[in-house]
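**Student:** Letter by letter, the chains look like this.
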Amino acid sequence: MKQTLSDRLFSIFAYVVLILFTLFCILPFLLMVIGSFTEESELIVNGYTLFPKAFSIAAYKALLHSDALYNGYGITLIITVVGTVAALCISAMLAYSLANKRNVLQTPFLLFCYLPMLFSGGIIPFYIVVSQWLHLQNTIWALILPLLCQPFLVFLLVSFFRTVPEELEEAARIDGANEMRVFFQIILPISKPILASVGLFYALNYWNDWYMGLMFIDNEKLFPLQLILRRMVSNMEAAKNLIPASAAISTVAPTYGVRMATTVLTIGPIILLYPMLQKYFVKGLTVGAVKG
Amino acid sequence: MPNVRKRGAGYKLQQIARNPFLYGMAVPGLLFFLIFSYFPIYGILIAFKNYDFSKGITGSDWVGFRNFNYFFTSDDFWTILRNTLLLNVLFIVFTTLAAVLIALMFNEIRNKYFKRISQSLIFLPYFMSWIVIGMLVQSFLGGESPPVNAWIQHLGFAPVNWMFESALWPWILTIIRVWQGAGYLSIIFLAAITGISEDLYEAARIDGASKLQIMLRITLPLLVPTISIMTLLSVGRIFNGDFAMIYAIIGDNSLLYPATDVIDTFVFRSMRQLHDFGMSSAVGLFQSVMGLIFVIIANAVTRKMSKESALF
Numbered sequence: 133m134k135q136t137l138s139d140r141l142f143s144i145f146a147y148v149v150l151i152l153f154t155l156f157c158i159l160p161f162l163l164m165v166i167g168s169f170t171e172e173s174e175l176i177v178n179g180y181t182l183f184p185k186a187f188s189i190a191a192y193k194a195l196l197h198s199d200a201l202y203n204g205y206g207i208t209l210i211i212t213v214v215g216t217v218a219a220l221c222i223s224a225m226l227a228y229s230l231a232n233k234r235n236v237l238q239t240p241f242l243l244f245c246y247l248p249m250l251f252s253g254g255i256i257p258f259y260i261v262v263s264q265w266l267h268l269q270n271t272i273w274a275l276i277l278p279l280l281c282q283p284f285l286v287f288l289l290v291s292f293f294r295t296v297p298e299e300l301e302e303a304a305r306i307d308g309a310n311e312m313r314v315f316f317q318i319i320l321p322i323s324k325p326i327l328a329s330v331g332l333f334y335a336l337n338y339w340n341d342w343y344m345g346l347m348f349i350d351n352e353k354l355f356p357l358q359l360i361l362r363r364m365v366s367n368m369e370a371a372k373n374l375i376p377a378s379a380a381i382s383t384v385a386p387t388y389g390v391r392m393a394t395t396v397l398t399i400g401p402i403i404l405l406y407p408m409l410q411k412y413f414v415k416g417l418t419v420g421a422v423k424g
Numbered sequence: 092m093p094n095v096r097k098r099g100a101g102y103k104l105q106q107i108a109r110n111p112f113l114y115g116m117a118v119p120g121l122l123f124f125l126i127f128s129y130f131p132i133y134g135i136l137i138a139f140k141n142y143d144f145s146k147g148i149t150g151s152d153w154v155g156f157r158n159f160n161y162f163f164t165s166d167d168f169w170t171i172l173r174n175t176l177l178l179n180v181l182f183i184v185f186t187t188l189a190a191v192l193i194a195l196m197f198n199e200i201r202n203k204y205f206k207r208i209s210q211s212l213i214f215l216p217y218f219m220s221w222i223v224i225g226m227l228v229q230s231f232l233g234g235e236s237p238p239v240n241a242w243i244q245h246l247g248f249a250p251v252n253w254m255f256e257s258a259l260w261p262w263i264l265t266i267i268r269v270w271q272g273a274g275y276l277s278i279i280f281l282a283a284i285t286g287i288s289e290d291l292y293e294a295a296r297i298d299g300a301s302k303l304q305i306m307l308r309i310t311l312p313l314l315v316p317t318i319s320i321m322t323l324l325s326v327g328r329i330f331n332g333d334f335a336m337i338y339a340i341i342g343d344n345s346l347l348y349p350a351t352d353v354i355d356t357f358v359f360r361s362m363r364q365l366h367d368f369g370m371s372s373a374v375g376l377f378q379s380v381m382g383l384i385f386v387i388i389a390n391a392v393t394r395k396m397s398k399e400s401a402l403f
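Going line by line, the protein sequences match chains A and B. Numbering-wise, our numbering comes out as the position in the first sequence, counting from 1, plus 132. Numbering-wise, our numbering comes out as the position in the second sequence, counting from 1, plus 91.
Please keep in mind that the hints were generated in silico from the structure rather than gathered at the bench. Where is the CB? At the ideal position from N, CA and C, for every residue including glycine. Check each hint, because a few of them may be wrong.
To be clear about the criterion: a stretch of chain B counts as covered by chain A if any three or more of its residues have a C-beta under 8 Å from a C-beta of chain A, and this derived list gives those stretches [claimed, not checked]: (1) 113 to 120; (2) 154 to 164; (3) 251 to 264; (4) 295 to 305; (5) 336 to 346.
Computed list of chain B residues with no C-beta within reach of chain A, every gap over 12 Å [what the hints assert, rightly or not]: (6) 169; (7) 177; (8) 179; (9) 180; (10) 290; (11) 355; (12) 392; (13) 395.
One chain only, chain A, in its complex shape (with noise of 0.2 Å):
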């Protein structure tokens, strides 16, 4: 079809309205990374510049040898991967529960679930449990189980639940499969692109947490990464002590350099594992926004 002159305009209008707004969205990255690789000096002389005169990679040396930060990355992937491994079965088995429609229960279960989303004691009664009731405090656990069950996600399992066709699991029930085998021959097999979208979100929660550590952990050997890094930002001091006295380096500690290093090694694998998982997201978000 022909294009009217406005129509163009407005096309190019579209085209720069998202350019800018892409720009906006990734420039602080961009000059994080940058940040990271850029000798301290030039960091506070210049601030921050796209193209770095003096190239380093002093950040990254000294953080190897940061135990702190080894001791971070092992804290954080031990509560993503039980945390999220343990979440997605929780939420599956009870998502599938409270989908059945032979769950004479279901209705009282469903309110049970749904009831949190609307009220909550507040943190200070959440406080007191985990740590005066549970003595959960200080242990890997305070990390783990308060995320385990997040309502919003056993929805987005129970509303695809409901999608499945009933004759799937009565044919396999005539066949003489008992309900645990229905479960996890049938059901599980055909769910994985929802258990796929479920399980990144738990992984990224668990990944990105940083509350539950600021609560209940005092032992800087359980501060996962995050953690560590919200020290930093309090303290600039705390960038230089990551790294022990015995490696210094250089003159200059690099402690801008240390801090835009840690920020990237935390980020890191989302950046990395994200264009092959984005799809799952976004689809998990969109039948997500459908049905809240």
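Use these hints to put chain B onto chain A, whose structure you have.
**Tutor:** Quick look at chain B alone, frame taken from chain A:
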């Protein structure tokens, strides 16, 4: 299935006994909600007590509404209430506007590769933790000579001491919020636009409508229900949910509290620093109740507009 009588406790018990696995599957999840959501609701009692660690929740002495009185009569009350509402309104308005604009513009673009790459990139900030974002903010606006000031001075303006100017922070936080959330919201709007019937566009094109007219007369009006629902959902959450963002960015910088302190950060601080559990949980309860009221109102309005989209 024969149509048997489906009522009565006896029938239910029989059903449960017949399918132990079906009900057993729900147990871990239900236990989770019981422990981490329902036990804390019981803990609300603390708001009416002079909480003493050694005596526990049941053992502590009742003080009636004293904890609430402290809070409602303090100057902090109006400040944090105003901040909570004002910041949320700014966030909702600007994120929605930006997201609608972006979604409409994406709809005009035919280049698949540009579309895909641009979408991936604007979506990225949504996956960063607030700590990482706090770090970014700190590295642009913090320190002795914030890097942003270097740029500002290049443009011929006077440098700004960002960490002292509380009046600027509602806007800074809004910009950060748009940066983080508009891309994600635009994807949802774009999904709604994709659902608009192709016939309408064709009819408009045959009638000779320009792209701009199509956008203003067809796409935008048909997007309005989705926009309203997403907005109502955020209005329902207006009383909570910003702790992670604001605490990660502002932290303990008390110079900025006048404009940035919200209910969540106030509660957290009075718990961690003042150890005033009674008042903190009174504030928390106030927040939960107000939140519940807002959710119910928002839901009722949503229900009026579109039954499908209501939460309950």
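**Student:** Now, for every hint given, state plainly whether the structure supports it.
**Tutor:** Hints, verified against the model:
1. 113 to 120: holds (count 6)
2. 154 to 164: It is violated: at least three residues are needed, and the segment 154 to 164 of chain B offers just 0 whose Cβ sits closer than 8 Å to chain A.
3. 251 to 264: Contact hint for the segment 251 to 264 of chain B vs chain A: violated, 0 residues under 8 Å.
4. 295 to 305: As far as the segment 295 to 305 of chain B goes, the hint holds, because 4 residues have Cβ atoms under 8 Å from chain A.
5. 336 to 346: Coverage by chain A holds for the segment 336 to 346 of chain B (3 residues, Cβ < 8 Å).
6. 169: holds, 20 Å
7. 177: holds, 22 Å
8. 179: For residue 179 of chain B, whose nearest Cβ neighbour in chain A is about 18 Å away, the distance exceeds 12 Å, so it holds.
9. 180: The assertion about residue 180 of chain B holds, with a minimum of 21 Å to chain A.
10. 290: About 16 Å separates residue 290 of chain B from the closest Cβ of chain A, which puts it past 12 Å; holds.
11. 355: Nearest chain A Cβ is 8 Å from residue 355 of chain B, so the label is violated.
12. 392: holds, 15 Å
13. 395: holds, 17 Å
The structure fails to meet hints 2, 3 and 11 from the earlier list, while all remaining hints are met.
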